[in-house]
Amino acid sequence: MRHLLAALLLLLPPLAATAQPSRDSLTIGLSQYPSNFHPNIENMAAKAYALGFALHPVTAYDAEWKQVCIACTRLPSLENGDATLETTPDGKPGIRVTWQLRQDWKWGDGTPVTAEDFRFAWEAGRAFETGFGPAEFYRSAYAFESGGPHSITLRFDKVTYDYAGLGQFQPLPARIERPIWEADKAGYRVRSAYETDTTNPALYNGPYRIAAVQPGAGVTLERNPHWSGPAPAFNRIQLRMVENSAALEAQLLSGQVDMIAGELGLPLEQATALQRRTGDRFRFHYNPGLTYEHIDLNLENPVLADRRVRQALLLAADRAQIVARLFGGRQEVAHGGIHPRDAGFDPAIPQYPFDPARARALLDEAGWKPGAGGIRRNADGEALAFDFMTTAGNRTREQVQQILAGMWKAVGAEARIRNEPPRVFFAETVSKRRYGGAAMFAWISSPESVPRTTLHSDEIATAARNWSGQNYTGYRDAEVDRLIEALPLELDAEKRLPLWSALQRRVATDLPALPLWHRSDAHVWPHWLEGVMPTGHQNYSSLWVTQWRVR
Amino acid sequence: MTRLRLGLTLLALMALAASVAPWAQQWLGTDPFAPDLFARYAEPSAEHPLGADELGRDLLLRLLYGARVSLGVGLAAALAASVLGTALGVLAAWKGGWVDAVLMRLADGLLALPALPILVLLAAMDPAKLGLPRGDAMVDMLRIVVILVVFGWVGVARLARAGALSLLATDYVRAARALGVTEARLLWRHVLPGLAAPVAVACALAVAGAILTESVLSFLGLGIQPPTPSWGNMLANAQEAVFAAPLAALWPGLAILIAIVGCALVADGVARRGQ
Amino acid sequence: MAGALNLLLWRLPQIALTLVLLSLAAWFAIGLMPGDPVSLAMISDPRLTPADIERLRALHGLDQPLIERYLAWAGGLLRGEFGYSRLFAQPVWRVLWPALLSTLALVGSAVLLAATLGVALGALAALRPRAAPLVDAVALLAQAVPAFWLGILLIILFAVNLGWLPAGGAPDAGQSALPFLVLPVVTIAFGQMAAYARHAAAALSAELSRPHITSARARGAGERRLIWRHALPNAAVPLLTLLALDAGSLVSGALVTETVFARPGMGKLLYDAVMGNDYNLALLALLLVALVTMLATLLADLAQRWIDPRLGER
Chain A
1 MRHLLAALLL LLPPLAATAQ PSRDSLTIGL SQYPSNFHPN IENMAAKAYA LGFALHPVTA
61 YDAEWKQVCI ACTRLPSLEN GDATLETTPD GKPGIRVTWQ LRQDWKWGDG TPVTAEDFRF
121 AWEAGRAFET GFGPAEFYRS AYAFESGGPH SITLRFDKVT YDYAGLGQFQ PLPARIERPI
181 WEADKAGYRV RSAYETDTTN PALYNGPYRI AAVQPGAGVT LERNPHWSGP APAFNRIQLR
241 MVENSAALEA QLLSGQVDMI AGELGLPLEQ ATALQRRTGD RFRFHYNPGL TYEHIDLNLE
301 NPVLADRRVR QALLLAADRA QIVARLFGGR QEVAHGGIHP RDAGFDPAIP QYPFDPARAR
361 ALLDEAGWKP GAGGIRRNAD GEALAFDFMT TAGNRTREQV QQILAGMWKA VGAEARIRNE
421 PPRVFFAETV SKRRYGGAAM FAWISSPESV PRTTLHSDEI ATAARNWSGQ NYTGYRDAEV
481 DRLIEALPLE LDAEKRLPLW SALQRRVATD LPALPLWHRS DAHVWPHWLE GVMPTGHQNY
541 SSLWVTQWRV R
Chain B
1 MTRLRLGLTL LALMALAASV APWAQQWLGT DPFAPDLFAR YAEPSAEHPL GADELGRDLL
61 LRLLYGARVS LGVGLAAALA ASVLGTALGV LAAWKGGWVD AVLMRLADGL LALPALPILV
121 LLAAMDPAKL GLPRGDAMVD MLRIVVILVV FGWVGVARLA RAGALSLLAT DYVRAARALG
181 VTEARLLWRH VLPGLAAPVA VACALAVAGA ILTESVLSFL GLGIQPPTPS WGNMLANAQE
241 AVFAAPLAAL WPGLAILIAI VGCALVADGV ARRGQ
Chain C
1 MAGALNLLLW RLPQIALTLV LLSLAAWFAI GLMPGDPVSL AMISDPRLTP ADIERLRALH
61 GLDQPLIERY LAWAGGLLRG EFGYSRLFAQ PVWRVLWPAL LSTLALVGSA VLLAATLGVA
121 LGALAALRPR AAPLVDAVAL LAQAVPAFWL GILLIILFAV NLGWLPAGGA PDAGQSALPF
181 LVLPVVTIAF GQMAAYARHA AAALSAELSR PHITSARARG AGERRLIWRH ALPNAAVPLL
241 TLLALDAGSL VSGALVTETV FARPGMGKLL YDAVMGNDYN LALLALLLVA LVTMLATLLA
301 DLAQRWIDPR LGER
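Chains as they are written, first to last, in full-length UniProt numbering: chain A, 1 to 551; chain B, 1 to 275; chain C, 1 to 314.
With the rest of the complex left out, here is chain A:
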């Protein structure tokens, strides 16, 4: 009875008469809590989103996926002379790049951001004991020079076409952080003021500063009084972290949060259902992003080692139907790891529209003949079957997985579902290539990123390499290796295009991984909010908060 009553009450129109709040504050719902706040240690989506309001990088990719200056005055290039090719002391081709910083860029206590702050960040990153995760940037940037407080120069021991970007490398307030670091380099990670004194205004140089932290529940941002750029619209921005997506939806409907950040928001199918039900109560925006859902196939599995089988599996999967039915048509079927909006994308690469007849023909050709129980068998009587794994508890993936298994069964291939909690799945099964057959997960990349770690044969994760590298399929192709090595070295964007095409064509033919789709982020905004510009990559919309406006 209680259930029935509740079900009836569910159908009641929500009162929703939440009083018109003053619009000088904004509450944003997120699905993840930033567990730490140091900008240069570890990468984490929630941290990047929260710090986007409070810390500005020197350069970033914008909503058009172009590299732009955020805190510099112009982007370095060979043409304007800020970047010059040179030879490193040990005779390798190198590059020297200078960034001119904005003169009015200040920390939240009024002191200017200077080259010294960058020098410290660089030194701390290069020091072995500090324990910063990704050391490649710091290894490659072998010298730091400064021609004045607002100019920094780095010399790299390799040349890549994205030399103008500083990526995740951000200045740290040397006045505060250097003494802490020098006192205990190994303990810096936990002793940094970002962790011990998170609400210190002098740690932030963006339009907002972190004013309060409620562990596990929320982060409060307030205006940075020393911000000299265009003034943001809100005095306060409150971030609320709600992991359970039904609870997040409830907080939106009950008016506790004003908007849901698409970068870390509702699963797409939940957002489309919400939109259907709530009509025009909220504004929905589906933004294509650089999160690439795919299925890695273990090429050591004898069944999947045959390219024809891999192609047949993709042909037998009606991805367009899944996108239309499950995701309300709000995201696009992927043809490979390169996003259609990316500069290097080639629309002419081989594609695999739903074609079960061709899939069957390919399987026949590969020696898999229809057998008992609808499952194909080869000449030795082995069944066309493989394990199909993904992250347990991720309902979207579990749904897709079951649909795909059904579609494959229709052409005589059996995918045995076996899922594991994310921690086990990622940290053990996938990264040590212990998934027997197929593993469905996503890669998050950045614009114009060369898929070296996932496709180059040097990146095949093995015990000898400490299981580093993300080529989990075991894909090995000399031509692909060559293209991946050549791409970053080609500084002329026009000349890179044929390399990109060749790479995509090769991979789309071999199919070491089955492309599914590039995920769309579902942004949910109130009607009175304008100017949020989702980017679809790791420089999140929060970086451009000064453009957000109340209507």
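With a cut-off of at most 20 Å between alpha-carbon atoms, the simulated EDC-like pairs for lysine to aspartate or glutamate come out as follows:
1. 409(A) / 382(A)
2. 158(A) / 485(A)
3. 432(A) / 63(C)
4. 495(A) / 162(A)
5. 66(A) / 162(A)
6. 185(A) / 81(C)
7. 409(A) / 31(B)
8. 66(A) / 342(A)
9. 66(A) / 490(A)
10. 95(B) / 183(B)
11. 369(A) / 382(A)
12. 158(A) / 481(A)
13. 158(A) / 490(A)
14. 185(A) / 129(A)
15. 409(A) / 36(B)
16. 158(A) / 90(A)
17. 185(A) / 54(C)
18. 432(A) / 458(A)
19. 432(A) / 54(C)
20. 432(A) / 36(C)
21. 432(A) / 300(A)
Treat the hints as calculated values from the structure; they're not laboratory data.
Based on the hints, put chains B and C in the right spot on chain A.
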């Protein structure tokens, strides 16, 4: 008496429903394991008497098949926990001394131990290493049963120990001992029968507890893995879309409710009969 | 009183020993679980080279055998060094303390509410046999509803459709914590209530039929006085046991409620720590929960003796 009968009737009906699943499937003519993207969250109709789930599969049939898993897991876990718990509880009471101390502190520790790390550990185990087939629903069920037994025997053991202690202290048992009755016979003939009622009550409640726990494990993503339906994972999957399709969450919730009510009635009935 | 002291002397070392064994078992359980902190870092960062990984392993001390790491950790613990949480980059206590307080507030209020309602229902059933079936039905229902399902229903009803209470989360600075507590407390208490109602009803009706009550009744003592002075104190013994047994499962079981209501707390913290391989945090959280439970059991035992001195040794 009526409670016991009512409870048993409810449970018997559910078991019956579970056993007719294949015939119901034939009769309805739909495959509850094959996703149908055109019928997502379909309203109840002649084809889908209770509607369809998030993948367009028939809810009624999945409930029937789910009953096999949920009731099976519940029964197996409760029986195993009861047998183990009774054995250890009687052992502790009979031996006393350090055996008793160790067993009871182990029980304390298990009661105090948050089950989670063990759940994750077991969820992470590769069944292939134990020579079991991968991706098999039976293995999944076995895993959940093991988890439930590891934590479930404690309650029964405490009960059994307390009961056995008082039985062993009765004049009757003392007299039997004095007459030279062997210890094994003593336990078998005089102690165990006296424990039957409380253990039966605990067992019935353990079935209910196991069904609930299975749904919580599914909620955490550690339960019975798809595509095998269980009431728990049906409910957990539906809660995500509870705003869009409340009906999909209503039915498994109701099934769990009825099963637990059935178990509780049986437990109650047995307890009253014992008095 | 001598009995109580004996009990303490006997049980406190046992508790200490159990904690030590528990920490060892948990250390190995977490350590043997696939995926150490560095593997987790590898997944989130494709640019890590084999050398980076070696470096990070050494930095985190992961190249040492498990048992040595345990000894080092336990040694630190004895010196009062609780270490840092890896996930939150904070001293463990700074993470644990607020979570423990939040969970204790939640679970404490819930147990209080459940016991009050349960005993009231139980008393009703014991005193008014006609109301007994109704009480039974309520208790049956209460124990049959999965907590997360109930939580979501409550959210939809009271937060989304009626707008009376917040849908979850924690209060901002300066906000009253009370409204945020109501729905989660009701969610936990509803399920707990059943057991209290049953036990209270059973214990009370058993007490009420005992000779000293019947004789008191014959002497004309009022029903109310009978319940309060005679029956309830005796019936409290099994209820206290129930309460103590529930303490541990409640704290770690708060996980589900905390997840549904997006409330930071021990359950959620423990889950995240285990899933994120945050040794220090997971271990201390585990031990803390275990300690709370065992102390609760001990307190219940002491209270039972105090109420009913007839309870002999053990």
